[in-house]
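Chemist: In order, the protein sequences belong to chains A and B. The first sequence begins at -7 in our numbering and counts up one residue at a time. The second sequence begins at -7 in our numbering and counts up one residue at a time.
Some clues are possibly wrong.
In this list, chains with the same sequence are indistinguishable; a pair is considered to hold if it fits within one copy or across any two.
[To be verified] Lysine to any residue pairs mimicking SDA-like chemistry, simulated, CA-CA at most 25 Å apart:
hint	residue 1	residue 2
1	K36	H83
2	K36	H63
3	K36	I84
4	K36	P95
5	K36	W82
6	K36	G53
7	K36	P52
Bear in mind the hints are in silico, worked out from the structure with no lab data behind them.
Number of protein chains: 2
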Amino acid sequence: MAKETSNGYVLRRGAGFRWDDAPDEPYKSDASFRGVRRVNLAGKRGESTRFHLRYFEVEPGGYTTRERHRHEHVVMCQRGEGEIRIGDEWHILQFGDVAYVPPDFVHQLRNRTSEPFGFLCLVDAERDRPVPVEE
Amino acid sequence: MAKETSNGYVLRRGAGFRWDDAPDEPYKSDASFRGVRRVNLAGKRGESTRFHLRYFEVEPGGYTTRERHRHEHVVMCQRGEGEIRIGDEWHILQFGDVAYVPPDFVHQLRNRTSEPFGFLCLVDAERDRPVPVEE
Chain A
-7 MAKETSNGYV
3 LRRGAGFRWD
13 DAPDEPYKSD
23 ASFRGVRRVN
33 LAGKRGESTR
43 FHLRYFEVEP
53 GGYTTRERHR
63 HEHVVMCQRG
73 EGEIRIGDEW
83 HILQFGDVAY
93 VPPDFVHQLR
103 NRTSEPFGFL
113 CLVDAERDRP
123 VPVEE
Chain B
-7 MAKETSNGYV
3 LRRGAGFRWD
13 DAPDEPYKSD
23 ASFRGVRRVN
33 LAGKRGESTR
43 FHLRYFEVEP
53 GGYTTRERHR
63 HEHVVMCQRG
73 EGEIRIGDEW
83 HILQFGDVAY
93 VPPDFVHQLR
103 NRTSEPFGFL
113 CLVDAERDRP
123 VPVEE
C-alpha cells in the first residue's frame, strides 16, 4: 500500500525491526546515550493524532539519555529484554510489558543483554523538551 | 511493582497475552462483532496522557464492528495475523506492522486464521463515538 496518509497507510515491518517507509533516524545529537536508533512510526506524516508512536532500539551495552521532563512516557517492550529506570528503581522489561513514567520522573532505558532491546515509546504530540540529568 | 500511577508502573504480560492489573473488559455490548476481547493498557488509571493504549484480541473467525468515526486509529499487530479494512481495501497485518485509519474511513479488523490475532490500538483520549456501518 502506498504511504498516503489521507487514504490511510500500512507500514510493513521487515527483518531486524526495520519498516518500509519509516527510516531510522538519529536518536540525539549529543553524547548522552550509546547505541540507540529510533523510528517514527505514526504521528509525523500528516496525521492529526494527539500522540506520536516511536520505536527505539538499544544495542547490547547501550542506553538512552538519563533525563526528565513534564510529559509522560508509555513504553512497551517489543524485542529482547531491557531495563527501565523510573525514579530510583530499575525494572526489567520483556515482550509485551508496559511501563509508565509519570511527569518529572528521572528515567532511562538500558540493555545489559547480548541481543537488541526494542521498545515502543508513546508520547503526547505537544510536549516539553527533555532535560538531561547528571548524577 | 505495585500499580501506583503517581509513582509509575510496570504491567507484566503473562501467558496468553493477559496482563497483571489490566483485566479483560467487554469490547462492546451489542452483536456487531464476534470473539473480541480488550485490555486497557494505559491512559485510564490516572495518567494525563492525551492518548489511550488498548490491546484487542480477535479469536479465529472473529471480527470487530464495522464502523467509522472522526478520530483516527493507529493499529500495530502484536500476535498472530489478521486483516484490517481501511476504506474499501483489506490489508494483512503481521507482527510489527502498523496501520493508520484516517478520520471517517470505514474500518474493521478480522481474523481468518486458526490462531488468535492481537493488536494494539492507539486513540486520542478525547474522541467521538463510533458509528456502526451497515452494508
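Chemist: Within, between, both or neither: how does the pair K36, G53 come out at a Cα-Cα threshold of 25 Å?
Modeler: Classified as neither; 30 Å inside a copy, 34 Å across copies.
Chemist: With identical chains, the pair K36 and P95 could be close in the same copy or across copies; at 25 Å between alpha carbons, which is it: within, between, both, or neither?
Modeler: both (23 Å within a copy, 16 Å between copies)
Chemist: Please work out whether the CA atoms of K36 and H63 approach to 25 Å or closer within one copy, between two copies, in both situations, or in neither?
Modeler: both (18 Å within a copy, 16 Å between copies)
Chemist: Between K36 and I84, at a C-alpha cutoff of 25 Å, which is it: within one copy, between copies, both, or neither?
Modeler: between (30 Å within a copy, 23 Å between copies)
Chemist: Using 25 Å as the alpha-carbon threshold, which applies to K36 and W82: within, between, both, or neither?
Modeler: between (31 Å within a copy, 24 Å between copies)
Chemist: Should K36 paired with P52 be assigned to within, between, both, or neither, using CA atoms and 25 Å as the limit?
Modeler: neither (28 Å within a copy, 34 Å between copies)
Chemist: Have a look at K36 and H83 and pick one of within, between, both or neither, based on CA distance no larger than 25 Å.
Modeler: between (30 Å within a copy, 22 Å between copies)
When held up to the earlier numbered hints, the structure conflicts with 6 and 7 and fits the remainder.
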